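**Q** Just so you know, the sequences run in chain order A and B. Letter 126 of the first sequence, counting from 1, is numbered 154 in the numbering used here, and no numbers are missing. Letter 282 of the second sequence, counting from 1, is numbered 320 in the numbering used here, and no numbers are missing.
Among the clues, some could well be false.
Claimed, not checked - With beta-carbon atoms standing in for the labels, derived distance ranges:
| no. | chain 1 | residue 1 | chain 2 | residue 2 | range |
| --- | --- | --- | --- | --- | --- |
| 1 | A | Trp92 | B | Ser164 | 30 to 40 angstroms |
| 2 | A | Gln63 | B | Ala327 | 54 to 64 angstroms |
| 3 | B | Ala216 | A | Asp159 | 46 to 56 angstroms |
| 4 | B | Ser164 | A | Gln53 | 42 to 52 angstroms |
| 5 | A | Asp159 | B | Val302 | 49 to 59 angstroms |
| 6 | B | Ser164 | A | Arg269 | 36 to 46 angstroms |
| 7 | A | Ser190 | B | Gln312 | 14 to 24 angstroms |
| 8 | A | Glu137 | B | Thr194 | 51 to 61 angstroms |
| 9 | B | Ala82 | A | Gly79 | 55 to 65 angstroms |
| 10 | B | Asp85 | A | Thr391 | 40 to 50 angstroms |
Claimed, not checked - Residues from chain B that face chain A, not an exhaustive set, calculated with beta carbons under 10 angstroms:
| no. | residue |
| --- | --- |
| 11 | Gly156 |
| 12 | Pro191 |
| 13 | Lys256 |
| 14 | Ala298 |
In short, the hints are calculated from the structure, not lab data. Since this is a predicted model, take the numbers as computed values, not measurements. Think of the CB as a built atom: it goes at the ideal place given N, C-alpha and C, for glycine as much as any other residue.
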Amino acid sequence: MKATTLALALLPVSVVPSLRGLAAQDPPAIRDAQQVLSRLVETYGVSGTEGPVRDQVKALLPTWAKAETDTAGNLWVRVGQGNPVVVFVAHLDEIGFRVTGIRDDGSLELETRGGFYPSLFEAQPALVHADKSDVPGVFIPRDSAFTRHTPPSLRVDVGTTSKEATMARGVSPGNTITMPKQYVRLAGTRATGRSFDDRVGSAAQLLALRRLNRTVLQHQVIFIWSVREEIGLDGAAVAARALGTTPRRVHAIDTFVSADSPLELSNFGVAPIGRGAVARALDNSSVTPRAYVDSLVRVARARGVALQVGTTNGGNDGSVFTPYGVVDVPIGWPLRYSHSPAEVIDLKDVVSLADMIRAVAETW
Amino acid sequence: MTRLRLALSLFLSVSPTVRLFGQDVDRLAVRFAGMTAVTGLERAMTDSLTALLPGSTRDRVGNVTLTLGQGEPKRLLSCPLDEVGYVVGNILPDGFLLLRRVGGARITYPLFDQQLEGHRVTVFGSRGAVPGVAAVKSTHLARGRGTSGSPDPVFTVDNAYVDVGASSAADVRGLGIAAMAPVSLAKHPHAYGDRLLAAPAAGRRAACAALAAAVQAKPKVRGTVVVAFTVQSLYTGDAGLASVKALLGPFAETKTASVAARYVDTAVETVALQDAEALVQGLVAWMEASP
Numbered sequence: 029m030k031a032t033t034l035a036l037a038l039l040p041v042s043v044v045p046s047l048r049g050l051a052a053q054d055p056p057a058i059r060d061a062q063q064v065l066s067r068l069v070e071t072y073g074v075s076g077t078e079g080p081v082r083d084q085v086k087a088l089l090p091t092w093a094k095a096e097t098d099t100a101g102n103l104w105v106r107v108g109q110g111n112p113v114v115v116f117v118a119h120l121d122e123i124g125f126r127v128t129g130i131r132d133d134g135s136l137e138l139e140t141r142g143g144f145y146p147s148l149f150e151a152q153p154a155l156v157h158a159d160k161s162d163v164p165g166v167f168i169p170r171d172s173a174f175t176r177h178t179p180p181s182l183r184v185d186v187g188t189t190s191k192e193a194t195m196a197r198g199v200s201p202g203n204t205i206t207m208p209k210q211y212v213r214l215a216g217t218r219a220t221g222r223s224f225d226d227r228v229g230s231a232a233q234l235l236a237l238r239r240l241n242r243t244v245l246q247h248q249v250i251f252i253w254s255v256r257e258e259i260g261l262d263g264a265a266v267a268a269r270a271l272g273t274t275p276r277r278v279h280a281i282d283t284f285v286s287a288d289s290p291l292e293l294s295n296f297g298v299a300p301i302g303r304g305a306v307a308r309a310l311d312n313s314s315v316t317p318r319a320y321v322d323s324l325v326r327v328a329r330a331r332g333v334a335l336q337v338g339t340t341n342g343g344n345d346g347s348v349f350t351p352y353g354v355v356d357v358p359i360g361w362p363l364r365y366s367h368s369p370a371e372v373i374d375l376k377d378v379v380s381l382a383d384m385i386r387a388v389a390e391t392w
Numbered sequence: 039m040t041r042l043r044l045a046l047s048l049f050l051s052v053s054p055t056v057r058l059f060g061q062d063v064d065r066l067a068v069r070f071a072g073m074t075a076v077t078g079l080e081r082a083m084t085d086s087l088t089a090l091l092p093g094s095t096r097d098r099v100g101n102v103t104l105t106l107g108q109g110e111p112k113r114l115l116s117c118p119l120d121e122v123g124y125v126v127g128n129i130l131p132d133g134f135l136l137l138r139r140v141g142g143a144r145i146t147y148p149l150f151d152q153q154l155e156g157h158r159v160t161v162f163g164s165r166g167a168v169p170g171v172a173a174v175k176s177t178h179l180a181r182g183r184g185t186s187g188s189p190d191p192v193f194t195v196d197n198a199y200v201d202v203g204a205s206s207a208a209d210v211r212g213l214g215i216a217a218m219a220p221v222s223l224a225k226h227p228h229a230y231g232d233r234l235l236a237a238p239a240a241g242r243r244a245a246c247a248a249l250a251a252a253v254q255a256k257p258k259v260r261g262t263v264v265v266a267f268t269v270q271s272l273y274t275g276d277a278g279l280a281s282v283k284a285l286l287g288p289f290a291e292t293k294t295a296s297v298a299a300r301y302v303d304t305a306v307e308t309v310a311l312q313d314a315e316a317l318v319q320g321l322v323a324w325m326e327a328s329p
């Protein structure tokens with residue numbers, strides 16, 4: 029049986045029943061959030077190769093939306109007219125690896141794209157995103173076990189024994205590598221998957237656009253799905269440069285890394301999952317002026333949207349707009365186990381985040 | 039069609055002793071590799087085996103046995119079907135599960151438990167399989183907190199907090215989860231290369247798949263062959279195999295099916311399915327041959 033036939037044989041065990049089994053009992057808003065989010069989560073797009081995710085976002089836009097892609101690869105949708113211009117930005121990319129070389133034994137040398145524990149990929153299935161198709165392999169386990177999170181440089185075995193055989197499978201330096209991923213529903217309204225950061229933000233912008241009442245907009249609102257956030261906010265920097273001092277505010281729609289876990293300290297990052305979106309008042313890249321946080325809270329209260337306020341770690345795309353005099357008011361949603369293959373969210377927070385984006389666009 | 043292919047197909051069509059095992063064993067290996075059989079708690083997999091192999095029965099210990107042929111000599115052909123895994127040891131008030139490992143004295147991979155960290159698991163509750171994850175510290179929140187040069191100890195099962203999406207112990211019980219529920223890494227058998235199969239315990243599962251495929255090939259057994267898929271090979275001194283010998287023996291000869299594997303004891307333990315196919319042929323030949 030060739031690999032393709034074997035792959036077909038794998039299908040029955042790969043499709044685990046009830047992964048989305050509770051969807052039929054869900055309220056419509058939760059069902060919509062899951063439908064959009066699961067499609068984005070199950071699409072691959074390591075920093076610099078976001079094309080497939082961008083295509084999914086375009087396919088999920090409302091029919092009236094006119095999307096443009098800039099030279100960096102960011103996707104833009106403009107709605108409404110006039111000042112003050114307000115920008116929302118969520119990023120398309122996910123963490124992963126890139127092939128840097130092919131050894132004589134056929135194995136692949138890698139470099140990381142973004143910040144994460146490489147050990148979480150060690151001894152796991154691998155997918156090389158080659159030019160023509162994905163090539164499966166495995167992340168080679170290490171021989172010793174002296175540290176938890178810092179294995180020697182990881183390599184990938186694609187089942188070959190020579191450089192030529194590996195290249196014959198279509199693999200070449202520059203290809204990106206991830207592991208197979210799946211959106212899986214947990215108990216209640218919770219779900220797990222990899223790359224919720226920032227597919228949740230991308231999904232929330234889509235959901236907000238779908239429900240947006242364009243007739244009440246009092247100024248232009250720009251929705252951007254950015255590239256290369258995980259490797260230095262690169263895409264957002266291009267967008268910020270293009271817009272200059274024009275926008276009044278930017279709302280980075282990105283993860284609020286939550287300490288809602290028995291493994292974390294609770295001195296910051298406290299925003300339990302399931303209790304709504306989070307005003308990301310302080311992180312490693314931005315401090316939101318208090319008056320803007322208060323305004324955000326007022327918008328939430330006026331629209332009856334659940335909103336928490338907290339401080340966390342990490343950077344956000346909005347921070348590269350601030351040198352142009354644009355105020356960064358990031359909004360997130362609580363996430364457990366960030367940048368791991370098993371991130372956990374609550375779909376209620378996705379709904380809340382989308383409602384918050386819509387409320388801000390329509391009323392602030 | 040080339041002359042050689044034509045000759046081969048004609049030969050296969052008229053020769054009952056030459057059988058093609060490849061597709062059968064590939065399908066069975068994938069199927070078995072997707073199952074979970076934590077040592078001592080193998081019931082779900084043995085249920086599948088008894089359904090798959092008509093005439094097979096489960097003995098009092100849990101082994102699945104099938105007797106082929108009759109008369110002397112009486113021989114035993116077996117494969118161990120269990121795996122090192124986990125059970126729920128405690129349920130915390132906030133809905134997280136704590137684990138206890140079952141088996142593991144023979145584990146060769148020093149990071150066996152660490153494979154749980156930040157990965158999907160399946161909890162086998164009384165109301166069915168429940169997906170969950172083993173918690174891991176968020177990368178972002180760890181930044182700037184570690185002391186440079188400080189050791190980063192290897193993860194053990196004592197560090198494992200399983201999150202099934204529940205908010206309370208009552209939520210967990212509502213999912214049918216109680217202490218002793220089996221837990222394993224989520225199984226997604228992964229094909230790569232040229233008929234390579236990666237999965238936890240892939241070597242054991244490929245061997246059992248080869249044994250099942252050999253039985254399904256309906257070999258003309260000389261004498262009696264007891265085929266046994268044994269439990270508890272990784273706990274209490276291979277109790278399953280010992281009990282088969284005690285209950286159904288004595289045997290003139292015994293053979294244990296095995297397939298070579300690499301990346302042993304990892305989530306990507308890998309077997310070459312052509313080795314499993316060759317094993318099927320070897321097992322059939324063994325059953326048909328005079329001792």
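**Q** Give a verdict on every hint.
**A** Hints, one by one, checked against the model:
1. Between Trp92 of chain A and Ser164 of chain B the beta carbon distance is about 50 angstroms. The supplied range of 30 to 40 angstroms is therefore violated.
2. The hinted range of 54 to 64 angstroms is satisfied by Gln63 of chain A and Ala327 of chain B, whose Cβ atoms lie roughly 59 angstroms apart.
3. Distance hint for Ala216 of chain B and Asp159 of chain A: a CB-CB separation of about 50 angstroms, consistent with the stated range 46 to 56 angstroms.
4. In this structure the hint that Ser164 of chain B and Gln53 of chain A lie 42 to 52 angstroms apart at CB is violated, the actual value being about 21 angstroms.
5. Between Asp159 of chain A and Val302 of chain B, the C-beta spacing of about 33 angstroms breaks the proposed range 49 to 59 angstroms.
6. The beta-carbon spacing between Ser164 of chain B and Arg269 of chain A, approximately 59 angstroms, falls outside the hinted interval of 36 to 46 angstroms.
7. The hint said 14 to 24 angstroms for the Cβ distance between Ser190 of chain A and Gln312 of chain B, and at roughly 18 angstroms that hint holds.
8. Distance hint check: the CB atoms of Glu137 of chain A and Thr194 of chain B are about 30 angstroms apart, inconsistent with the given range 51 to 61 angstroms.
9. For Ala82 of chain B paired with Gly79 of chain A, a C-beta distance near 42 angstroms fails the hint of 55 to 65 angstroms.
10. For Asp85 of chain B and Thr391 of chain A, the Cβ-Cβ distance of about 58 angstroms falls outside the hinted range of 40 to 50 angstroms, so the restraint is violated.
11. Nearest Cβ of chain A to the Cβ of Gly156 of chain B: about 4 angstroms, under the 10 angstroms cut. The hint holds.
12. Checking Pro191 of chain B against chain A by beta carbon gives a least distance of about 6 angstroms; that is within 10 angstroms, so the hint holds.
13. Look at Lys256 of chain B: its Cβ only gets to about 21 angstroms from chain A, farther than 10 angstroms, so that hint breaks.
14. For the restraint placing Ala298 of chain B at the interface with chain A, the shortest Cβ-Cβ distance is roughly 15 angstroms, beyond the 10 angstroms limit, so the hint is violated.
Hint compliance for this structure: hints 1, 4, 5, 6, 8, 9, 10, 13 and 14 are broken, all remaining hints hold.
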